[in-house]
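Student: Chains as they are written, first to last, in my numbering: chain L, 1 to 112; chain C, 1 to 155; chain Y, 1 to 179.
Keep in mind that a hint or two might mislead.
As the list claims (entries may be wrong) - Reference listing, derived: stretches of chain L covered by chain Y, where coverage requires no fewer than 3 residues with Cβ under 8 Å from a Cβ of chain Y:
(1) 62-74
(2) 80-91
What the hints assert, rightly or not - Derived DEER-like restraints, expressed as beta-carbon distance ranges:
(3) L:Ile62 <-> Y:Trp81: 27 to 33 Å
(4) Y:His4 <-> C:Leu26: 48 to 54 Å
(5) L:Asn61 <-> Y:Ala101: 39 to 45 Å
(6) Y:Ser25 <-> C:Leu26: 45 to 51 Å
(7) Y:Trp100 <-> C:Thr22: 54 to 60 Å
(8) C:Ser104 <-> Y:Phe83: 45 to 51 Å
(9) Y:Ile103 <-> L:Ile104: 41 to 47 Å
(10) C:Phe100 <-> L:Arg52: 32 to 38 Å
(11) C:Thr22 <-> Y:Glu105: 42 to 48 Å
(12) C:Ser104 <-> L:Ile80: 50 to 56 Å
(13) L:Ile104 <-> C:Ile71: 36 to 42 Å
(14) C:Leu18 <-> L:Lys98: 22 to 28 Å
(15) Y:Phe83 <-> L:Ile80: 33 to 39 Å
Note that these hints are calculated values from the structure, not bench results.
Please read these numbers as outputs of a predicted model, since none were measured by experiment.
Heads up, the beta-carbon is just placed ideally off N, CA and C, and yes, glycines get one too.
The lines below spell out each chain.
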Amino acid sequence: MSLYLLCLTLFCVGLYGVLRKRNIVKIIIGIGIMEYSMNLFFVLLGYRYHGRTPIDAQNQNILNMVDPLPQALVMTSIVIGLAATALLISIAIRIYEKYGTFDITKIKRLKG
Amino acid sequence: MSDNPNTGLPAGKAGMSLIVKTITRLTIGLILLFGIYIVMHGHLSPGGGFAGGVIIALSFIHIMLAFGKDIAAAKISRGLASNLESIGALMFLVIALLGFLGGSFFLNVLAKGRPFKLFSAGTIPLSNIAIGLKVGVGLFAIFLALVILEGAKRK
Amino acid sequence: MELHLLLLFMIFAAIVAIEVKDLLSSVVGVGAVGFALCLAFLILKAPDLAITQLVVEILCLIILIRATINKDLPLVIEGRWFFNTISTLAFVVVFLFFAWAAIKELPAFGNPLMSVVKKYLAEGTSRTGAVNIVSAVVLDFRAYDTLGEVTVLFSAVLGIMAVLRRPGRKKIEDKDNVR
């Protein structure tokens with residue numbers, strides 16, 4: 001239970017960064033930290049005490065494996081996170097090119 | 001990264017110093033080979049298409065960081081990268097459609113073979129190769145687009 | 001116990017990454033979080049994820065450094081500092097309240113439900129021929145998820161190409177100037 005709470009604390013650090021910071025790169029870093037904590041939370045849910053890695057061995061019958069389903073889901077999620085980070089970075093580079101700043105409060109023309 | 005290829009240097013002088021270039025020339029084949037190994041053995045050991053694809057992309061990015069973007073773009077141009085990525089995605093879909101030979105989508109129709117051998121597990125190694133191709137070339141295309149943009153801005 | 005220490009280190013590195021003034025130090029801090037996450041995956045018996053996280057973190061660091069190097073950053077905090085902080089903290093507290101209510105219902109750490117996975121573990125190798133059960137789940141039992149992931153990655157690459165290409169940008173700028 002304490003591990004879940006620590007994982008949530010990590011999520012809250014990322015959430016604080018997204019909500020409070022005004023630099024676009026800091027916001028992207030906050031989103032990345034939230035993504036890390038969610039991946040870790042999935043894998044924590046699938047862990048089993050004295051579990052083995054979910055890979056069969058030759059001439060050996062392994063009884064207690066950890067849960068492979070969250071690992072399979074997280075595996076796709078990591079690569080998607082990298083692509084999403086690259087997309088955010090490219091948008092940030094475009095904004096820097098156009099307005100010359102990373103500060104979101106200085107970008108007036110988006111305010112309609 | 002201080003002496004960028006866009007500062008007007010001739011093509012041979014672009015990129016990093018001679019030490020970095022020599023070490024890159026020695027290790028780049030090993031990195032690419034390791035990526036291919038990870039992709040091929042995805043059904044036997046940890047790894048698989050995603051990790052192996054990112055390692056393959058990293059080997060090309062290594063070339064780009066050491067030698068400058070022109071030499072890397074000569075090895076795989078942007079159009080070829082887009083085509084290869086589409087081929088990877090289509091290959092995965094074709095493998096999925098192969099399942100209709102047995103009756104349903106994504107059915108493993110090929111022969112299973114014996115476990116613990118490289119040529120086993122039906123369509124899983126083929127799917128691994130498709131995903132590795134797609135992820136590797138896609139990430140390389142992303143990085144190429146970012147670097148080309150930076151170079152164009154500095155001119 | 002080592003997981004607790006690792007998580008505390010990750011929280012500390014995340015706070016450093018969020019709060020430090022220099023952008024390059026911030027990127028290095030997020031790299032520390034990612035590599036600690038890789039170690040945590042190894043301890044949690046997920047070597048596939050550890051390999052993937054390691055290489056993805058390296059690529060992510062290269063892209064972030066490439067984007068933030070040579071960029072100056074005037075970090076000024078002016079006006080409404082109090083209001084912003086209070087509203088953010090209030091949001092975080094509300095989130096923590098609901099998350100705590102949800103976590104109480106989860107199974108305890110170390111004793112997962114395993115109701116779906118029992119079948120995969122028992123029949124995985126004999127039905128798919130793959131020794132690595134994670135690979136069997138990703139590419140055989142749950143291949144629809146992987147198809148969706150491939151689609152998302154494809155659209156992300158398309159989006160980056162659309163945002164970063166040069167000829168389209170020039171036309172739009174010309175149109176803006178005409179107006």
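Student: Please name the hints from earlier in the document that this structure breaks, with their numbers sorted from lowest to highest.
Tutor: Of the numbered hints, 3, 4, 6, 8, 9, 11, 12 and 14 do not hold.
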